[in-house]
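Protein chains in written order, with the working numbering: chain A, 72 to 232; chain B, 72 to 232; chain C, 72 to 232.
Worth flagging that the hints you see were computed from the coordinates, not collected in a lab. What you are looking at is a predicted structure, and each value in this text was computed from that prediction instead of being measured. All C-beta atoms in this analysis are idealised placements derived from N, C-alpha and C, irrespective of residue type, glycine included. There's no promise every hint is true.
[Unchecked claim] The calculated label-pair distances, taken between Cβ atoms and stated as ranges, are: (1) C:Pro110 - A:Ala152: 42 to 52 Å; (2) C:Pro110 - A:Gly129: 41 to 51 Å; (3) A:Lys127 - B:Asp153: 46 to 56 Å; (4) B:Gly129 - C:Arg111: 36 to 46 Å; (5) B:Gly129 - A:Asp170: 13 to 23 Å; (6) A:Arg111 - B:Glu104: 34 to 44 Å; (7) B:Asp153 - A:Glu178: 32 to 42 Å; (8) A:Phe105 - C:Ala152: 37 to 47 Å; (9) C:Ala177 - B:Asp165: 39 to 49 Å.
[Claimed, not checked] Which stretches of chain A does chain B cover? Using the computed rule of at least three CB atoms under 8 Å from a CB of chain B, they are: (10) 115–129; (11) 148–155; (12) 200–212.
[As the list claims (entries may be wrong)] Result set (BS3-like, lysine-lysine): computed pairs, CA atoms no more than 30 Å apart in a straight line: (13) B:Lys166 - A:Lys202; (14) C:Lys202 - B:Lys202; (15) A:Lys127 - C:Lys202; (16) A:Lys202 - C:Lys202; (17) B:Lys202 - C:Lys127; (18) A:Lys120 - A:Lys202; (19) C:Lys120 - C:Lys202; (20) B:Lys202 - A:Lys202; (21) B:Lys166 - C:Lys166.
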Amino acid sequence: MYVCVDFNAVREFHNGEYSKQTFLNYPRVMLFEFQLSAPRADFYNITSKVREAIAKSGVAAGIAVVYCPHTTAGITINENADPDVVHDLLIGLDKAFPDRAEFRHAEGNSAAHLKASAVGSSATIIVNNGKLVLGTWQSIYFCEFDPPRERTFFVKVVNCL
Amino acid sequence: MYVCVDFNAVREFHNGEYSKQTFLNYPRVMLFEFQLSAPRADFYNITSKVREAIAKSGVAAGIAVVYCPHTTAGITINENADPDVVHDLLIGLDKAFPDRAEFRHAEGNSAAHLKASAVGSSATIIVNNGKLVLGTWQSIYFCEFDPPRERTFFVKVVNCL
Amino acid sequence: MYVCVDFNAVREFHNGEYSKQTFLNYPRVMLFEFQLSAPRADFYNITSKVREAIAKSGVAAGIAVVYCPHTTAGITINENADPDVVHDLLIGLDKAFPDRAEFRHAEGNSAAHLKASAVGSSATIIVNNGKLVLGTWQSIYFCEFDPPRERTFFVKVVNCL
């Protein structure tokens, strides 16, 4: 007995026999790793990379989890139109989470660790019709708080009808 | 050969033949869009809307992603019992992320963008037995930081046994 | 007709007939509840508990959602190597979100509610090859902001090829 849980196959089934082709395409790649050079404290727009992962996954409907495996960087979603917004976000986070005399961590980057926990290590975005469901002004950012660094981030695409 | 990946069908199968009905119900609606009027800076309790989406999806076990497509608003989970908590949260965020002379963004709402990244653009909640797994005092809030606005939010229900 | 959407079964199928065994293991347990004693304001490392949940679920590829059902505690991912980082994170959050004269909430723990919304009520981590995809220095923390408390947290494992 042959079972295929590829959801595209199931959709095709509704029109008759599903093709043997779907087996050859299975399993799909659903986890993507990207490299990023982060020479300065900044929010790096990675939306196009997340779109690339979704396109390669072939997923039509589901969610995408963008994950930062570092402890002095994070992922956030914010405005993409006026670059002054990112400028102001960096200042606002510096003011809310400054370096402090009471800090003990010898590496001296506790403020960057604080910002990482404040913005968070991941963002979850909805995927529909093969596209990210983002607002008009939204982009996905890799937030570098402890530069310069060579960084990695992951995109996991979850297929769900 | 007939294949159905509807998980309810699979559960029914364990009790014998699954019914042809399950095919007719497939595919389910899993993505829901809601409108919200936000006349003032406030946390708007949207828990009942998220529950409505889960009920309509028919999903018994999985997760729900509540997503805000705006850059001066966010989603958070916090106390629903004493309205003074939301009052204090608004003040505490205002104090941590005030408007600043150094800000450049001409629209003048950089503090709202900061609060959006601090609380985050989404919340992920577990679904079990067709219900949200929330703590006794938890509700899901749409956080408006740049009023007045007409807003949208999405609920994506992910079915997973 | 027999249908099994267990993804391991599907993988086994590629090597020939899948075994009847997979039916007996189905459905898998995918939602786990843990108890935690939190005698003081601290970040409690719960990474080993999340790993335990993933191992018990048998899931090879997917995501794990770690969820805090309390409103004066949260979940974050941060450094596990130098305990001074957590020391500094607690101080930095205290300074950014102090108790304030304007607060009205009679319980007097509004600062803890603020920290809960700042770090967030959940973390989503990618699972690959049956393991958490964490960075070298990352651990998952339950953040207690209103001690002493007896706490609960959930781990939902989502299976997705």
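Results of checking the hints against the structure:
1. As the Cβ distance of Pro110 (chain C) to Ala152 (chain A) is approximately 48 Å, the hint placing it in 42 to 52 Å holds.
2. Checking the proposed 41 to 51 Å range against Pro110 (chain C) and Gly129 (chain A) shows it holds: the Cβ atoms sit about 50 Å from each other.
3. At roughly 48 Å, the beta carbons of Lys127 (chain A) and Asp153 (chain B) sit within the given window of 46 to 56 Å.
4. One distance hint, 36 to 46 Å for the beta-carbon pair Gly129 (chain B) and Arg111 (chain C), holds here, with the actual separation near 44 Å.
5. Range check, Gly129 (chain B) to Asp170 (chain A): about 51 Å between beta-carbon atoms, so the 13 to 23 Å window is missed.
6. Arg111 (chain A) and Glu104 (chain B) have their C-beta atoms about 38 Å apart, which keeps the hinted 34 to 44 Å range intact.
7. At roughly 40 Å, the beta carbons of Asp153 (chain B) and Glu178 (chain A) sit within the given window of 32 to 42 Å.
8. Evaluation of the 37 to 47 Å hint for Phe105 (chain A) and Ala152 (chain C) yields a failure: the beta carbon distance comes to about 25 Å.
9. One distance hint, 39 to 49 Å for the beta-carbon pair Ala177 (chain C) and Asp165 (chain B), is violated here, with the actual separation near 21 Å.
10. Look at the stretch 115–129 of chain A against chain B: 0 of its residues bring a Cβ nearer than 8 Å to a Cβ of that chain, fewer than three, so the hint is violated.
11. Counting residues of the stretch 148–155 of chain A whose C-beta sits closer than 8 Å to any C-beta of chain B gives 5, which meets the bar of three, so the coverage hint holds.
12. Here's how the stretch 200–212 of chain A fares: 6 of its residues keep a CB closer than 8 Å to some CB of chain B, so the rule of at least three is met and the hint holds.
13. At most 30 Å may separate the alpha-carbon atoms for a hinted pair to count; Lys166 (chain B) and Lys202 (chain A) exceed this at roughly 37 Å.
14. The straight-line distance between the Cα atoms of Lys202 (chain C) and Lys202 (chain B) is roughly 28 Å, inside the 30 Å bound, and the hint therefore holds.
15. Distance check on the hinted pair: Lys127 (chain A) and Lys202 (chain C) sit about 23 Å apart at the alpha-carbon level, within 30 Å; holds.
16. Of the pairs offered as hints, the one joining Lys202 (chain A) and Lys202 (chain C) holds, with about 28 Å between alpha carbons and a cut-off of 30 Å not exceeded.
17. Distance check on the hinted pair: Lys202 (chain B) and Lys127 (chain C) sit about 23 Å apart at the alpha-carbon level, within 30 Å; holds.
18. For a cut-off of 30 Å, the pair hint linking Lys120 (chain A) to Lys202 (chain A) stands: about 13 Å separates their Cα positions.
19. Of the supplied pair hints, the one linking Lys120 (chain C) and Lys202 (chain C) holds, its CA atoms being roughly 13 Å apart against a limit of 30 Å.
20. For the hint pairing Lys202 (chain B) with Lys202 (chain A), the CA-to-CA distance comes to about 28 Å; that is within 30 Å, so the pair holds.
21. Our distance criterion of 30 Å between C-alpha atoms is met by Lys166 (chain B) and Lys166 (chain C), whose separation comes to about 11 Å.
When the structure is compared with the earlier hints, violations turn up for hints 5, 8, 9, 10, 13 and for no others.
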